[in-house]
Amino acid sequence: MRITYLFILLNIFVFSGCKDQKLHLTKIEGKQITITDSLGGNSEIEAYIKPFKDRIEKDLDSVLAYSADTYTKKDGEYNTAIGNFMADAVYSESNPIFKSRTGKDIDMVLLNHGGIRSILSKGNVSKRTAFGLMPFENSIVVVALKGEQVDSIMLYLSRGKRAHPVSGIKLTLDKDSNILEAKVNGKNIEKDKTYYVATNDYLYSGGDNMTFFKTNDSLYVLDYKIRNALIDKFMKLDTINPVIDDRFTQIK
Amino acid sequence: MKRRDFIQQATAGTALVTLGSMGLQSFTTLDKTSKITILHTNDVHSHIDAFGPEDGRNANKGGVARRANLVDAIRKENPNTLLLDAGDIFQGTPYFNYYGGELEFKLMSKLKYDAATIGNHDFDNSIDGLYAQLPHAEFPFITANYDFSNTIMDTHTKPYKTFIKDGIKIGVFGLGIELTGLVDKSMFKETKYLDPVETSQEMTRILKEDEHCDLIICLSHLGYHYKNNPDKIDDLKLAGATKDIDLIIGGHTHTFLKKPTVVKNIDGKNTLVNQVGCYGINLGKIDFYFDSDKNKSANGTSIIV
Chain R
13 MRITYLFILL NIFVFSGCKD QKLHLTKIEG KQITITDSLG GNSEIEAYIK PFKDRIEKDL
73 DSVLAYSADT YTKKDGEYNT AIGNFMADAV YSESNPIFKS RTGKDIDMVL LNHGGIRSIL
133 SKGNVSKRTA FGLMPFENSI VVVALKGEQV DSIMLYLSRG KRAHPVSGIK LTLDKDSNIL
193 EAKVNGKNIE KDKTYYVATN DYLYSGGDNM TFFKTNDSLY VLDYKIRNAL IDKFMKLDTI
253 NPVIDDRFTQ IK
Chain H
168 MKRRDFIQQA TAGTALVTLG SMGLQSFTTL DKTSKITILH TNDVHSHIDA FGPEDGRNAN
228 KGGVARRANL VDAIRKENPN TLLLDAGDIF QGTPYFNYYG GELEFKLMSK LKYDAATIGN
288 HDFDNSIDGL YAQLPHAEFP FITANYDFSN TIMDTHTKPY KTFIKDGIKI GVFGLGIELT
348 GLVDKSMFKE TKYLDPVETS QEMTRILKED EHCDLIICLS HLGYHYKNNP DKIDDLKLAG
408 ATKDIDLIIG GHTHTFLKKP TVVKNIDGKN TLVNQVGCYG INLGKIDFYF DSDKNKSANG
468 TSIIV
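Protein chains in written order, with this note's numbering: chain R, 13 to 264; chain H, 168 to 472.
Calculated from the structure, these hints are not laboratory results.
A couple of the hints might just be wrong.
[Said to hold, decoys possible] Straight line, CA to CA, 25 Å or less: simulated DSS-like cross-link-like pairs of lysine-lysine:
#, chain 1, residue 1, chain 2, residue 2
1, R, Lys43, H, Lys452
2, R, Lys43, H, Lys202
3, H, Lys273, R, Lys39
4, R, Lys43, H, Lys425
5, H, Lys273, R, Lys65
6, H, Lys336, R, Lys43
7, R, Lys43, H, Lys277
8, H, Lys356, H, Lys202
9, H, Lys356, R, Lys43
10, R, Lys111, R, Lys173
11, H, Lys431, H, Lys394
12, R, Lys237, H, Lys356
13, R, Lys173, R, Lys86
Just need the whole structure built from these sequences, with the hints factored in.
Quick look at the structure:
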């Protein structure tokens, strides 16, 4: 106790005695420290994180479906099995939501080839597979476009010559990459008709030079992530075995 | 037992005498000096685990558990330390998708963050999602230019907070980015965005004249610099248009600066602007040295960056 009193007394003495001294800022030193493995992890923090992490890992790795083969975005010229799977999943999973809100149907889906972020490996498929295919938080939006803008989409696809994932269309190019046939839902594109095109918010904002979305009549935000659409599709299927088809091809 | 107690007390006593005499000595013959350390992060984006060895850009970097060790070591060296975050705590890893920011806030509390400001991604689960996680944060949210009065966040943030460390009074105020165009209105609801420059002028007046702060820090999520957009406010423009701010800790633009930027404020005095990239890869450390020696302070403040 005596020591405590002495300590308090000293403190009062030192601090009150010096209070008149005005302190001035004389020097500033700034640097940045990179967090590297040489620092070592705080074991208490690591132990705290572990149960949170374990639950995620377990959930991410629980098997949802089985992939019949290994599919990559490089297998196929203008359409790929993996891209077709993703575009068709966006259609089948988001159309019921869109229809219940608007009474209308989605006519077509357009995603981008660069948005397929990993391969789909043969074997068990889990939520982690969906995080690999779509690590970004992009959400599905439906844009109302006139036939004229849908023509722009077809032109974009014919000039881009990339296997952008599409659903609901049939686009055939001749050997010089001119459009031979361009259809939505099996019908020719009508200039003044309104088409409901599902895409993601990144492409809607002009990503991958998709400038045609901005001239839209209206935008429907579904609050539904692409990744979650894939997960929901995985849960509905036992076996995933998409194929390359004739939705976007070139006649050689 | 008794014997050990005695020895411990005796040792403590000796140490205290030594300390006491040092204190007296410094009072009578030496001038008082103080060192305040400001540690900061920004745009951690739910990066709780370190990047793996296979990561293309940030292999083996980051990680909250390592940051905890680093912060502990710095606090041991200088207890007069503040740890601050400039927003976008949320969104970027499954931790956010699964727990909605709970673990981010809990870990920041364990690391004893002193304050944070709010970034646009902190509204990613809407303002209700942010509000729902507040019980997990044992640190205050500081924002002066978001008017939350018609929202659920009303009264849950402060425009500024003052800290006293080693006799030095430090005022920290927060600034958020304009949400319209960046975040859907349905997410931020009735949050009103107020002009950052006007808000800063009011804040610095309060912190300087009413609160008598020795050090003023702005915790900003405005972004470092928009070169091609002269009308969009950023940290560099803010520094040049205001006064009495010693340090702007920035975020949003994920800017990796080699060193803090020195900007002349409206009074021609130096303001430091710093930002440390993103994802908890770096920790910013700014040391402020105070001295009562008039001769030293007469030479102005030297900045070593």
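Here is how each hint holds up against the structure:
Between R/Lys43 and H/Lys452 the alpha-carbon distance is near 5 Å, which keeps this suggested pair within the 25 Å criterion. Straight-line distance between C-alpha atoms of R/Lys43 and H/Lys202 comes to about 15 Å, which keeps the hinted pair within the 25 Å bound. With a C-alpha separation of about 35 Å, the suggested pairing of H/Lys273 with R/Lys39 is violated against the 25 Å cut-off. At roughly 8 Å between alpha-carbon atoms, R/Lys43 and H/Lys425 fall within 25 Å of each other, so this suggested pair holds.
Proposed proximity of H/Lys273 and R/Lys65 is supported: the alpha carbons are some 14 Å apart, at most 25 Å. Distance hint between H/Lys336 and R/Lys43 is fulfilled; the C-alpha atoms sit about 22 Å from each other, no more than 25 Å. A distance of roughly 24 Å separates the Cα atoms of R/Lys43 and H/Lys277; the hinted pair therefore holds under the 25 Å criterion. Restraint check for H/Lys356 and H/Lys202: not satisfied, since their Cα atoms lie roughly 42 Å apart, outside the 25 Å limit.
For the suggested pair H/Lys356 and R/Lys43, the alpha carbons sit about 38 Å apart, so the restraint of at most 25 Å is broken. As the CA atoms of R/Lys111 and R/Lys173 are separated by approximately 32 Å, the hinted pair breaks the 25 Å bound. Of the pairs offered as hints, the one joining H/Lys431 and H/Lys394 holds, with about 18 Å between alpha carbons and a cut-off of 25 Å not exceeded. This hinted pair checks out: R/Lys237 and H/Lys356 have alpha carbons roughly 21 Å apart, not beyond 25 Å.
Among the hinted pairs, R/Lys173 with R/Lys86 is consistent with the structure: their alpha-carbon atoms are about 13 Å apart, no more than 25 Å.
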